[in-house]
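Student: Could you put the whole structure together from the sequences, leaning on the hints where they help?
Residues per chain are reported as follows:
2 protein chains.
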Amino acid sequence: MYDRMQELTGPQMEKIHDAAMDLLKHTGVAFNDEEGLEIFRSNGFRVDGSTVFFEEAQIQKALESAPKKFTVHARNPEKSVEIGEDDFVFLPGYGAPFVMDADGNQRQATMTDYDNFCKLIQTSPYIDMNGWMMVEPADMPHKTVHMDLALSSMLLCDKPFMGSPVSRQGALDGIEMAAILFGRKDGIMDKTVSVSLINSLSPLQFADEMIGSLIQLAKHNQACVVASLIMAGGSGPVTLDGVLALQNAEILSGITLAQLVRPGAPVIYGSTSSAMDMKTGALSIGAPELSKNINLVAQMARFYNLPSRSGGGLTDALSVDAQAGVESALALSTAARSGINFILHSCGILGSYIAMSFEKFLVDEETCGMVRAMLKPLAVTDESIDLDVIKEVGIGGQYLTHPKTFQLCRTEFHMPALMSRKNPDSWIKEGRRSIDRVAEDKVAQRLATYEKPDIDPDVEKELIEYVNRRKED
Amino acid sequence: MYDRMQELTGPQMEKIHDAAMDLLKHTGVAFNDEEGLEIFRSNGFRVDGSTVFFEEAQIQKALESAPKKFTVHARNPEKSVEIGEDDFVFLPGYGAPFVMDADGNQRQATMTDYDNFCKLIQTSPYIDMNGWMMVEPADMPHKTVHMDLALSSMLLCDKPFMGSPVSRQGALDGIEMAAILFGRKDGIMDKTVSVSLINSLSPLQFADEMIGSLIQLAKHNQACVVASLIMAGGSGPVTLDGVLALQNAEILSGITLAQLVRPGAPVIYGSTSSAMDMKTGALSIGAPELSKNINLVAQMARFYNLPSRSGGGLTDALSVDAQAGVESALALSTAARSGINFILHSCGILGSYIAMSFEKFLVDEETCGMVRAMLKPLAVTDESIDLDVIKEVGIGGQYLTHPKTFQLCRTEFHMPALMSRKNPDSWIKEGRRSIDRVAEDKVAQRLATYEKPDIDPDVEKELIEYVNRRKED
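Residue numbers (this note's numbering), protein chains in the order written: chain A, 958 to 1430; chain B, 958 to 1430.
Derived from the structure by calculation, the hints contain no laboratory data. Small disclaimer: the values here were computed from a predicted structure and weren't measured. One thing to keep in mind: the hints can contain errors.
Because identical chains share one entry, a pair is satisfied inside a single copy or across any pair of copies.
[Stated by the list, open to error] In silico BS3-like links for lysine-lysine, alpha-carbon gap of 25 Å or less:
#1 LYS982 <-> LYS1348
#2 LYS1025 <-> LYS972
#3 LYS1236 <-> LYS1379
#4 LYS1100 <-> LYS1418
#5 LYS1333 <-> LYS1025
#6 LYS1386 <-> LYS1148
#7 LYS1036 <-> LYS1386
#8 LYS1036 <-> LYS1409
Tutor: What follows is the structure, encoded as C-alpha cells:
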C-alpha cells in the first residue's frame, strides 16, 4: 500500500541484520548472571567473562523456534488475546513512580492507585490486557510489592495480564500465583497466561534480575517481551540507523537465550527507543523519532517473523493538554497502523514516563477506540454502497429520515464516550470544560460503578494465602 | 507496505468507480448555472433542465487531460510548491466565522484576524501555502471582502496562495489581482499561481457561484480543488461505502467541467466528508470516520492519477485541549501518510469549523513539523549506521560525549518550537502551563517580530488601486 512513512527495502533490512550479527559476533553482549552464562556455555556459545558472543547460525536457530503468533489466555476465556501477525493488543502505561492529578499536582503513587488502574482496565472497552506496575506504589514494602501487584491484577480484572520481571524469585512468584489462578497446582504450565517485559541495559548488556526472570518465564512457557529502550545520542548512537542495529543485537541476543531455555517459548521483539532532547539531555518520548522507530521496529520484527512491541500513548507533556493529545495520538496510531502487536503504554503516561494520570488514561483509551475504528475496513459491496438509496434520494434530497439511516445510525460509526461534539452554546453554558476536566468526572463514575469480576472463593483465598505466606519468608 | 489501514483492492476501486458512473449516467448532477450547462450541451452531453448526464467515455476523456501533478508558483520563487504524487503541502484552516481565544471566548472574526493569520503563515516553517478565508471578517462589506482578503494574502505573505471562489466576478477579481502581482497585465496566465476550492452541494448539485468560479479559474489555468463535504447520514448515505460512490460522482462531474473549459487545467480530487454525530445530528470532524475517508480518498485519487485534497488538523473540540490534539493529529497524520497532496485545514480549526484559534494554529503547526519529521526516511547506509562507533563505545559505554553525537546532535532530530520537554520541577516552578497557554505567548511573539516580505512598490500600489477602483464600481 502507498505510504509516505518509510518502508525498509530488503537490502536495508539485511544491512541492519548484518550490522547486528557483526556486533553479536565481535563485540558480544554482557549477561551479568551465572545461570544465563552457563546456559550459553553449555549450548556451545563462546563466553568470555560475562560477555557472550553469537554466531549467525545460533541466532537463526533461535529465530526458527520462536513462534510468530501466540495466545495469552485470560481467566475469563472470552478475554483471551492473540498476539502476532494482524492481531494486536492495547495495554496501559508501565512503571510510573508518580500520579499527576488534574490540577497538575504530582504525588507518589499508592497501592490504591494501582488498584484503581486495574479497575479502569477491567471496565475498559478498548484496553485488551491488564498491565504490570502501571504505577510503583510507594506505600508498600519494596521486597514484596510484586506479589501485591500480581494479586490485584488477578483479582480486580479478568483480562490477561502482564507478569512480574523484578527478579528470578519475583518471576517465580508470579508463575506460582498464575498457577493457582488457573487451577494447575504444580505451577508448571503448558499454556501462556502472562507476558513480561525484559529490558536490556543499553548498550549491549542485560542485568541479572532480567536474565533470571527471563529464564524462569521462558522455562514455564510464559511470554517475554525482549526490549531495548535506547536514548539515541545517550545510551546509543545519535542516528536512528545506528539505534536499529544496536537494539537489534540486544533483542536478538535475549530472544536467543529464551529459545535456548525452551525452544518455542513465546517472545516479542520490542523497542521503544527514541531521541535524546538535545537541550535537556533527557529522553524525549513525545519526539517524532519515537514514531519513526516504532514504524521501523514493526518492520524488523516482521522480517524475523516475530510479534512486535512498542510504546503507544506517550508524551513529554506534564498535563493532559493538547501536546499530550498530539504526541500520544501520533505514536499510538503509528504503532497500530504499522503493525505492532503489543502496544504497551497505550494509556495514561505523562511527562516522559514520570507519571500516570487517570484523566489521561481515559483520553488515551478513547484514542485507542478511535484508532480501532479507523482501522476497521469497509466492505465495499453492492449492499454496503446501496446505489438504490442514493438514486432514490437523488439530486438535492436528504438522507436523515431515510429508513436505512435509522437502521444503521447506531452501529455504523464510532460513538465517543468522552470526546465532545457539543455546540458552542451548550459548551459555554456548561462551563467551557476542557476534556481533561470532563475525564476527571468520568474517572470517578467509572470507579464508583466498577464491579469485581467473579472468582472461585477458594482460588482467591489460596492466592491471598500464597502472598501472606511468602511475605513471612 | 504492511498497513493496518484499509487498502482498497482493484475490484473495490472499480466498484466505487462503476457506482459513480451509474449515478452520473442515470441520476445525473444538477449544475445550476446557464454558462455551465451550455458548455456541457455544446460538448454533446445530455442535459435535461439543469441536470447533466455523463457517459463513462466523457469522464475518461476528462481524466486523460487532467495533470497528475502541477506547480503552484509563488511570488517568491523559492516558495513555489509541487502538488501531486509524493509531494504534499500543508495549508491553514478555511472558512471559520469566529475566533476562539485562549480563555474559550468566542467572538466574530475581523480583518485584523485575517491579516494576523497571513503573518503566522508567512513566518511558519511548516505551512507551505497561504490559505483563503482562514476567517470570515465580519467588519468588512460582504460584497467586496474577497478583494481585501486577496490583497492581504498577496501583500503579507510571499508563499503561494489560495484564490477566491466566491462568485464568477470574485474569481475574476482574484485572477486580475494575481496578474498584477505576477507582472502579466493582460490578466491571462499560462502558469498556475493559485488554488481555489470548488465545493459541490451534496447530494449531486453545484451552486451557480461555484460553477462560475470554476469556469473562470479553469479558463485561466488556475487550479481548482473539486471537493465534496458529505455528512454521512445527512447529505449522503449512512455508510462510508455509499459516500465514496456519491462523492466520486460529484467530484468527477466537476473535474469534467474544468477539463471541458480548458483541457489540462490543474484540478485536485477533494473530500473532507465525515460522519454525522448520531446524538446531535451535526457533522463530526473529529470522528475516526473522517480519517477513514481521508485514507480512501487518497486511494481513489491515485486510482484516477489525480492529486488529492483532504482536511488535516480537524476537531470538534471547542478549546485547545487534549481532544483537539488527538483528533487533529489523527486526521493530519492520516492525510500525510496515506498520500493526500493538498492538506487543507492543517492548522487552527476548532469546533467543527466554527472557529479559528491562534493558539491551536501554533499547536497544529508543530504537529505538521512532527509529521514531516516522521515521514523523513533514514538512509540506512554503512555511514548512517556507523558500526565502528558502536563497537568503539562497546558494552556499557555512553554516546553522549562521543564526537559523532556532537557533530549530529543539532541536525539529526526534530527540534520542537512549542512542545515542552521540561522536567516536573521546572514545569511546576514556571506555573504548570499547558501548551495552549505557552502558545498564547508565542503567537504574540511571532506577530511582534513579523516582517512584511519585500514587494515592488509599484505592484503594491497597483494592487491597492485595483481594489479601490473595484470597490467604487
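Student: Does each hint fit the structure? Answer for all of them.
Tutor: Do the hints match the structure? See the list:
| no. | hint | result |
| --- | --- | --- |
| 1 | LYS982 <-> LYS1348 | between (68 Å within a copy, 11 Å between copies) |
| 2 | LYS1025 <-> LYS972 | within (22 Å within a copy, 35 Å between copies) |
| 3 | LYS1236 <-> LYS1379 | between (40 Å within a copy, 10 Å between copies) |
| 4 | LYS1100 <-> LYS1418 | within (22 Å within a copy, 79 Å between copies) |
| 5 | LYS1333 <-> LYS1025 | within (23 Å within a copy, 30 Å between copies) |
| 6 | LYS1386 <-> LYS1148 | neither (55 Å within a copy, 51 Å between copies) |
| 7 | LYS1036 <-> LYS1386 | neither (41 Å within a copy, 45 Å between copies) |
| 8 | LYS1036 <-> LYS1409 | within (15 Å within a copy, 61 Å between copies) |
Of the numbered hints listed earlier, those contradicted by the structure are 6 and 7.
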